[in-house]
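There are 2 protein chains.
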Amino acid sequence: MCQLLGMNANTPTDVMFSFTGLATRADEHKDGFGIGFFEDKGVRLFVDHHSARQSPVAELVKTYPIRSKQVIAHIRKATQGVVALENTHPFQRELWGRYWVFAHNGDLKNFEPRLHGAFKPVGCTDSERAFCWLMQELAKSHASVPDVAELTHTLAELMPQLHRHGTFNMLLSNGQALWAHGSTKLHWLVRQHPFRRAALRDENLQVDFASVTTPQDRVAVIATEPLTSDEDWQAFAPGELRVFVDGAPR
Amino acid sequence: MCQLLGMNANTPTDVMFSFTGLATRADEHKDGFGIGFFEDKGVRLFVDHHSARQSPVAELVKTYPIRSKQVIAHIRKATQGVVALENTHPFQRELWGRYWVFAHNGDLKNFEPRLHGAFKPVGCTDSERAFCWLMQELAKSHASVPDVAELTHTLAELMPQLHRHGTFNMLLSNGQALWAHGSTKLHWLVRQHPFRRAALRDENLQVDFASVTTPQDRVAVIATEPLTSDEDWQAFAPGELRVFVDGAPR
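Line order of the protein sequences matches chains A and B. For the first sequence, position 10 (counting from the first letter as 1) is numbered 10 according to UniProt numbering, and the numbering increases by one without interruption. For the second sequence, position 76 (counting from the first letter as 1) is numbered 76 according to UniProt numbering, and the numbering increases by one without interruption.
Source of the hints: derived by calculation from the structure; they are not laboratory data. Heads up, a few of these hints could be off.
[Stated by the list, open to error] Restricting the straight-line Cα-Cα distance to at most 25 Å, the calculated cross-link-like pairs of lysine-lysine (DSS-like) are:
| no. | chain 1 | residue 1 | chain 2 | residue 2 |
| --- | --- | --- | --- | --- |
| 1 | A | K41 | B | K77 |
| 2 | B | K30 | A | K140 |
| 3 | B | K120 | A | K120 |
| 4 | B | K41 | A | K77 |
| 5 | B | K185 | A | K30 |
| 6 | B | K62 | A | K62 |
| 7 | B | K120 | A | K140 |
| 8 | B | K62 | A | K120 |
| 9 | B | K140 | A | K120 |
| 10 | B | K120 | B | K41 |
| 11 | B | K30 | A | K41 |
| 12 | A | K41 | B | K120 |
[Said to hold, decoys possible] Stretches of chain A that chain B covers, calculated by requiring three or more beta carbons in the stretch to come under 8 Å of a beta carbon on chain B:
| no. | segment |
| --- | --- |
| 13 | 35–41 |
| 14 | 56–62 |
| 15 | 72–83 |
Glycine included, each C-beta is placed from N, C-alpha and C at the ideal position.
Full structure from sequences and hints, please.
The following block contains the structure:
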């Protein structure tokens with residue numbers, strides 16, 4: 001199984017602390033990693049088919065404070081598809097003049113959708129097929145980019161059609177909001193005023209968020225497994241879809 | 001004006017030497033840079049709206065030997081569109097299950113094509129509009145990915161329709177080949193056995209290619225201005241389209 005990390009904030013925020021927590025788990029998840037940062041409508045997508053433990057690209061992400069309001073990261077342990085750059089999450093496509101970034105943790109069985117639209121997989125994973133199908137169905141449902149509430153409504157109709165094929169924990173963003181779907185394992189929390197100290201579970205690293213934030217800041221973090229040992233992480237119910245805007249669930 | 005750099009090779013090759021030569025020119029081209037590497041069908045695209053002189057991302061590219069057979073890089077001096085990540089070249093889209101990477105040097109006047117297909121610009125540059133229009137017209141011309149000769153034929157019909165709107169030096173790749181169109185300023189050369197020493201024009205840096213290659217290696221380099229002072233660069237004629245495969249023009 002892979003591991004997911006998502007971040008949604010009301011002010012551009014770096015994810016060096018959380019990404020360090022994720023990368024620590026890369027020993028078992030050695031088949032690549034990727035991270036996408038939205039900056040307004042633009043995206044920086046770093047992918048590498050080397051482990052996040054060894055990759056110079058991961059080192060850059062851990063030390064260069066890229067500030068973003070929407071981040072999706074993934075470390076991969078291949079279940080379907082060979083270890084290759086084109087199979088490395090997150091995946092990116094453009095729809096309605098907006099970039100969309102998607103990462104998946106899970107395994108879809110017998111999922112061979114009819115992809116007759118403008119979105120075709122480049123690699124050979126079930127995950128990229130699921131993303132292309134989602135983009136195709138969104139494109140059929142709306143003529144141009146709808147508001148977040150409408151998109152959430154459409155996604156809530158589409159998720160069960162993927163979920164019935166197997167494990168489907170996923171993160172999706174178009175830069176306006178971050179959607180998270182829980183299937184077997186996904187957790188979230190919101191950090192907001194009053195901020196306090198937090199310690200990574202798997203690494204001897206602490207951050208005092210009060211010293212690096214303002215009282216107005218708010219950030220939601222979504223991760224496969226809780227990243228810290230001393231914060232209140234909440235589990236997604238199976239089949240639960242949540243949308244995060246400005247650092248909070250809606 | 002921006003500056004372009006393209007590389008097409010018959011064996012995965014790094015571009016640290018040539019990219020260093022390009023980045024040296026970033027003082028005047030401070031409005032962002034980007035570089036896309038194909039690795040088989042996968043793409044790594046690094047973009048930054050900071051100058052290639054200062055960006056930690058550019059530093060990574062200069063020091064991490066990413067080996068690729070197709071590379072497209074761009075340093076930007078904004079003529080149309082604000083300085084923002086979504087306006088930073090190269091641009092990337094997916095068509096027929098292949099990624100396409102595009103960068104443009106020039107300025108298209110009154111180019112407002114009808115974009116009725118599946119490719120919409122995210123930013124607000126003439127360049128991204130031109131790329132979306134190219135993708136749309138390619139999608140109309142072929143049902144699935146044709147061979148390089150057929151694609152070249154279609155592109156040769158499309159280029160003049162862009163060129164008549166203004167300066168259109170461009171690089172385009174889908175991982176199989178690299179297409180280059182010259183309008184006002186574009187140069188190319190092929191490095192092959194017997195390899196020799198070359199010195200960057202703008203930086204005190206030399207490479208003896210004989211020491212880092214095998215006799216079978218062949219690499220074509222395309223750049224706005226010749227990058228080295230002691231090699232035979234050839235200029236593109238206005239309106240000339242060339243396709244490079246396995247390190248040589250076809």
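Now the hints, each set against the structure:
1. A/K41 x B/K77: Measuring from Cα to Cα gives roughly 20 Å; hence the hint holds.
2. B/K30 x A/K140: violated, 40 Å
3. B/K120 x A/K120: holds, 17 Å
4. B/K41 x A/K77: holds, 20 Å
5. B/K185 x A/K30: violated, 44 Å
6. B/K62 x A/K62: holds, 18 Å
7. B/K120 x A/K140: holds, 16 Å
8. B/K62 x A/K120: violated, 33 Å
9. B/K140 x A/K120: Judged against 25 Å, a Cα distance of about 16 Å means the pair holds.
10. B/K120 x B/K41: Holds, at roughly 22 Å.
11. B/K30 x A/K41: holds, 20 Å
12. A/K41 x B/K120: holds, 13 Å
13. 35–41: Per the Cβ count (3), the hint holds.
14. 56–62: holds (count 3)
15. 72–83: violated (count 0)
Hint compliance for this structure: hints 2, 5, 8 and 15 are broken, all remaining hints hold.
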